[in-house]
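With chain H's structure known, arrange chains F and E on it following the hints.
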Amino acid sequence: MSRTALGMPGLRPGSGNLFAEEKFPSAARRELGNAQLRRNLKHATSTIRTKRLNVTGELPDWEELREAGSALKTSVMARLPELLEAFEANVTARGGTVHWARDADEANRIIHGLVKAEGVDEVVKVKSMATQEIGMNEYLEEHGIAAYETDLAELIVQLDHDKPSHILVPAIHKNRTEVRDIFLKEMPGVDPGLTDEPRRLAMAARAHLRAKFLTAKVAISGANFGIADSGALSVVESEGNGRMCLTLPGTLITVMGIEKLLPSFSDLEVFLQLLPRSSTGERMNPYTSLWTGVTEGDGPQKFHVILLDNGRTNALADEMGRSALHCIRCSACINVCPVYERAGGHAYGSTYPGPIGAILSPLMTGVEAEENGSLPYASSLCGACYDACPVKINIPDILVHLRGKDVDAHRGGLPSQLDVGLKAASWALSDGRRLGAVEKLLPLGRAAAGKDKKIKKLPGIAAGWTQSRDIPAPPSQSFRDWWAKEHKES
Amino acid sequence: MSTREHILAAVRTALKDAPAVPDIPRAYRQEGDLNAQERTDVLVDRLEDYKAGATVVDEAEVPATIKGLLAGAGSYVIPAGLDPAWLAWETEPSRVTYDGGRHGARSVTELDATDAVVTSSAVTVAESGTIILDGSPDQGRRAISLIPDHHICVVRSRDITQILPEALRRLDGTRPLTMISGPSATSDIELERVEGVHGPRRLDVIIIRQSGNLPAS
Amino acid sequence: MKIALFATCIVDGMYPRAAQATVAVLERLGHEVVFPKGQACCGQMHVNSGYFKEAVPVVANHVRAFESEDYDVAVAPSGSCVASVKHQHPMVARRAGDAGLEERATAVGKKTYELSELLVDVLGVTNPAEQLGSYFPHTVTYHPSCHGMRLLKLGDRQAGLLRGVKGLELLDLPEADQCCGFGGTFSVKNAYVSSAMLADKAANIRSTGASVCAGGDYSCLMHIGGGLSRQGSGVATLHLAEILASTEAAPVAVPGPAGQPVKVVVK
Numbered sequence: 004m005s006r007t008a009l010g011m012p013g014l015r016p017g018s019g020n021l022f023a024e025e026k027f028p029s030a031a032r033r034e035l036g037n038a039q040l041r042r043n044l045k046h047a048t049s050t051i052r053t054k055r056l057n058v059t060g061e062l063p064d065w066e067e068l069r070e071a072g073s074a075l076k077t078s079v080m081a082r083l084p085e086l087l088e089a090f091e092a093n094v095t096a097r098g099g100t101v102h103w104a105r106d107a108d109e110a111n112r113i114i115h116g117l118v119k120a121e122g123v124d125e126v127v128k129v130k131s132m133a134t135q136e137i138g139m140n141e142y143l144e145e146h147g148i149a150a151y152e153t154d155l156a157e158l159i160v161q162l163d164h165d166k167p168s169h170i171l172v173p174a175i176h177k178n179r180t181e182v183r184d185i186f187l188k189e190m191p192g193v194d195p196g197l198t199d200e201p202r203r204l205a206m207a208a209r210a211h212l213r214a215k216f217l218t219a220k221v222a223i224s225g226a227n228f229g230i231a232d233s234g235a236l237s238v239v240e241s242e243g244n245g246r247m248c249l250t251l252p253g254t255l256i257t258v259m260g261i262e263k264l265l266p267s268f269s270d271l272e273v274f275l276q277l278l279p280r281s282s283t284g285e286r287m288n289p290y291t292s293l294w295t296g297v298t299e300g301d302g303p304q305k306f307h308v309i310l311l312d313n314g315r316t317n318a319l320a321d322e323m324g325r326s327a328l329h330c331i332r333c334s335a336c337i338n339v340c341p342v343y344e345r346a347g348g349h350a351y352g353s354t355y356p357g358p359i360g361a362i363l364s365p366l367m368t369g370v371e372a373e374e375n376g377s378l379p380y381a382s383s384l385c386g387a388c389y390d391a392c393p394v395k396i397n398i399p400d401i402l403v404h405l406r407g408k409d410v411d412a413h414r415g416g417l418p419s420q421l422d423v424g425l426k427a428a429s430w431a432l433s434d435g436r437r438l439g440a441v442e443k444l445l446p447l448g449r450a451a452a453g454k455d456k457k458i459k460k461l462p463g464i465a466a467g468w469t470q471s472r473d474i475p476a477p478p479s480q481s482f483r484d485w486w487a488k489e490h491k492e493s
Numbered sequence: 006m007s008t009r010e011h012i013l014a015a016v017r018t019a020l021k022d023a024p025a026v027p028d029i030p031r032a033y034r035q036e037g038d039l040n041a042q043e044r045t046d047v048l049v050d051r052l053e054d055y056k057a058g059a060t061v062v063d064e065a066e067v068p069a070t071i072k073g074l075l076a077g078a079g080s081y082v083i084p085a086g087l088d089p090a091w092l093a094w095e096t097e098p099s100r101v102t103y104d105g106g107r108h109g110a111r112s113v114t115e116l117d118a119t120d121a122v123v124t125s126s127a128v129t130v131a132e133s134g135t136i137i138l139d140g141s142p143d144q145g146r147r148a149i150s151l152i153p154d155h156h157i158c159v160v161r162s163r164d165i166t167q168i169l170p171e172a173l174r175r176l177d178g179t180r181p182l183t184m185i186s187g188p189s190a191t192s193d194i195e196l197e198r199v200e201g202v203h204g205p206r207r208l209d210v211i212i213i214r215q216s217g218n219l220p221a222s
Numbered sequence: 040m041k042i043a044l045f046a047t048c049i050v051d052g053m054y055p056r057a058a059q060a061t062v063a064v065l066e067r068l069g070h071e072v073v074f075p076k077g078q079a080c081c082g083q084m085h086v087n088s089g090y091f092k093e094a095v096p097v098v099a100n101h102v103r104a105f106e107s108e109d110y111d112v113a114v115a116p117s118g119s120c121v122a123s124v125k126h127q128h129p130m131v132a133r134r135a136g137d138a139g140l141e142e143r144a145t146a147v148g149k150k151t152y153e154l155s156e157l158l159v160d161v162l163g164v165t166n167p168a169e170q171l172g173s174y175f176p177h178t179v180t181y182h183p184s185c186h187g188m189r190l191l192k193l194g195d196r197q198a199g200l201l202r203g204v205k206g207l208e209l210l211d212l213p214e215a216d217q218c219c220g221f222g223g224t225f226s227v228k229n230a231y232v233s234s235a236m237l238a239d240k241a242a243n244i245r246s247t248g249a250s251v252c253a254g255g256d257y258s259c260l261m262h263i264g265g266g267l268s269r270q271g272s273g274v275a276t277l278h279l280a281e282i283l284a285s286t287e288a289a290p291v292a293v294p295g296p297a298g299q300p301v302k303v304v305v306k
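Protein chains in written order, with this note's numbering: chain H, 4 to 493; chain F, 6 to 222; chain E, 40 to 306.
Per the computed footprint, the stretches of chain H lying under chain F, defined by three or more beta-carbons under 8 Å from a beta-carbon of chain F, are:
{"id": "1", "segment": "145-157"}
{"id": "2", "segment": "206-217"}
Below, in silico cross-link-like pairs of lysine-lysine (PhoX-like), each with a Cα-Cα straight-line distance of 20 Å or less:
{"id": "3", "chain 1": "H", "residue 1": "215", "chain 2": "H", "residue 2": "305"}
{"id": "4", "chain 1": "H", "residue 1": "443", "chain 2": "H", "residue 2": "488"}
{"id": "5", "chain 1": "H", "residue 1": "491", "chain 2": "E", "residue 2": "76"}
{"id": "6", "chain 1": "E", "residue 1": "92", "chain 2": "H", "residue 2": "426"}
{"id": "7", "chain 1": "H", "residue 1": "54", "chain 2": "F", "residue 2": "56"}
{"id": "8", "chain 1": "H", "residue 1": "395", "chain 2": "E", "residue 2": "192"}
{"id": "9", "chain 1": "H", "residue 1": "220", "chain 2": "H", "residue 2": "305"}
{"id": "10", "chain 1": "E", "residue 1": "76", "chain 2": "H", "residue 2": "443"}
{"id": "11", "chain 1": "H", "residue 1": "443", "chain 2": "H", "residue 2": "456"}
{"id": "12", "chain 1": "E", "residue 1": "76", "chain 2": "H", "residue 2": "488"}
{"id": "13", "chain 1": "E", "residue 1": "149", "chain 2": "E", "residue 2": "41"}
{"id": "14", "chain 1": "H", "residue 1": "119", "chain 2": "H", "residue 2": "220"}
{"id": "15", "chain 1": "E", "residue 1": "150", "chain 2": "E", "residue 2": "192"}
{"id": "16", "chain 1": "H", "residue 1": "166", "chain 2": "H", "residue 2": "188"}
Just so you know, these hints were derived from the structure itself, not from any lab.
Heads up, the beta-carbon is just placed ideally off N, CA and C, and yes, glycines get one too.
Chain H with its partners taken away, still in its complex shape (with noise of 0.2 Å):
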């Protein structure tokens, strides 16, 4: 299928790893076979689930600072113009560059360019949503560049040749002796006694990372927010790879969305507050760094930051998508979807996995690209993500606006049964009368039933339904009928 724009004049659709390039339903039952990784999946995020409630019950406020970080959102959206020129001013102002890059090809080719200025072959990175969006490090490869990804987790999906199923903990789907094995098998000079106690690995990465972080010329990074009235930029983190990687090298490059913006800095108080007690469920994360262009004698003296579409103002122009784009990357509504747990990361294709993902790969592409329609579907509309969300995205109602979009995008094709069938119900459910009519055939289902008065199975779209539930035979009068009966009605 096409990944050109349909969308709005002016307006281009992501690219990069923003696409399921298989439908949700045929990759998440292969991944739901896959036994290991579904105890691994519980076991990790049934951890955090407890240590989110834990950290965000004991504040007073929380529901306050979701109020404000939510609106505080909604106001970045609608002011994104002056906010984005401001903070273009205020980062130049202090010495840094500002670039901009429409869609993932020219974010990667700016990326390179500057890499190859400084004349290396190889970057640190941290961990960065945003490159991993643009397939940058792919990116770089093929240009004789090679990436170091220094987060821990990431090292462990780059030493093992996978892909991230998780925005926050990328190798979620790892168990630690799954860990251990990738270390012994891929990491150069690693002790050969090394045991899956966590802190053993934590210090193999260190030890395997040290000499990469006293060297690196170049490094790269994403940004957690960006100050628009001062230029400040963020980057929140727990190792201290990223203090390494944004304070050591002489040239820094960060790559940041355009929606990553807040007016000024005091909205931190609000930002800082939800974040880390939303995502790793601490009352803070170890390090959060800000820097704003360059500053003489500390840190990096050569600075620029790339302010990225791909797809972002497509989903802005989506009155009621648009504030899938005041998501701050916490994955709380991924700890707590019922779906996740059981598919993993992989299964959403795109960067995005989980709720977050289920509308956002599809806002920023358009529904129709690729098999993002199929994303809108993967969830059960339970509601744990909105109730989740540190800024209040009403995931749900998102969710069902994108499956509107999806089913008005294929009117007029060949109908599915799912569309005879619904077309056919709206007919009968929008009169009290015709519904009258079609329960008197109901207790027909009862010739379908067993002698134990249950229909065990279904054809079509409904055998999905019986391949694990048995349905009761209808009873042989509707309520309808009975209080006609009762209150002598005809």
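Leaving out everything else, chains F and E in the frame of chain H:
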């Protein structure tokens, strides 16, 4: 049309429905309600939860406390602006390296060969156990509190706020800021927290008890 | 009080006993129940499947049916359908550009209550054993359906009512707040993920040792009951209304493992 103009035009096109700019409801806490002693107690609790060391001392006890914490260190670095009285006890000047000011900047390799670092701090948030460094002369540039494996950080109790909004109001947001909540850590394996990765694996915080009636925040 | 019953399509066609029990409970409290004849369905199956256009006549019908009758409040034995009436109906009308329907749907939504909400908040039921004569001498576990819990914020209302039933022993359900995996057409479109969710829910229910799993939504209970039945678990599913309607004089029989229909109790 440049890419910049193209993107800004696309943003404006996307917003052609002119969405309203909402007022920001700031009903969350702006001020804490704990007194100085309670703020210190909360901070100590949080630091211990992060597996950082925490010692509350009088001003006069700071040098001896630092001396004790540095007992095992073969070498340490201090920012040029650190209070010299805190290290007046040192009898082996070869252990000490200075960074910044007239001493210039130590190289990454030198810092990597240094066991510990002693810094002061700008402001600290009790409720989240967060110490903030802003690169002032008594805290130094960011690399010195990052590369040595043991960070000894001095916090004055008058610089402890209860909550984050109070702390941010005392900072200049254009300076390079580092917020530190415990030693480096990771939760990347099965979401279980392990302390000590790339940043300092050991963090010791010395809190200076200060007398006098301090305001609630 | 004059109370209009919205039976909901699934209860009307498949589980009339829940609506009959609802009528019984309300009449026992001395209220008059009316059944607006034109009613059919809330339309959330269409909305949640993305068929907004097809949902419009369903919503319009519901609004028409509940405008045509004179009553104080409306009630439905379903958190999900009430959430749809309150939240989705105005949205469907708005999306269709029908401001008049939006206004009328909002007005109907404001008068509509989920059963436990009506009993606890409006009718002041605090002790079902005394006020309703509720009696159900069985071990019961309770699944809080997602839409009641998260969209209507029912909190402890349903479980609280169950705890007040004489003879009933309420057993805590592990991971109670986890979705059962129904999700309307989700259970068809993503049948495998749905089945995996159902398997965990059924295992948690069976781990309690309860003989009945109670709930406030027959859509979820049909899904959970379908799984428990296929597994041959012997655990029955019953609606909150049926348990509240059960009395010592006319106890509701717990359906056996083979799923025989429950004896209907009225008044």
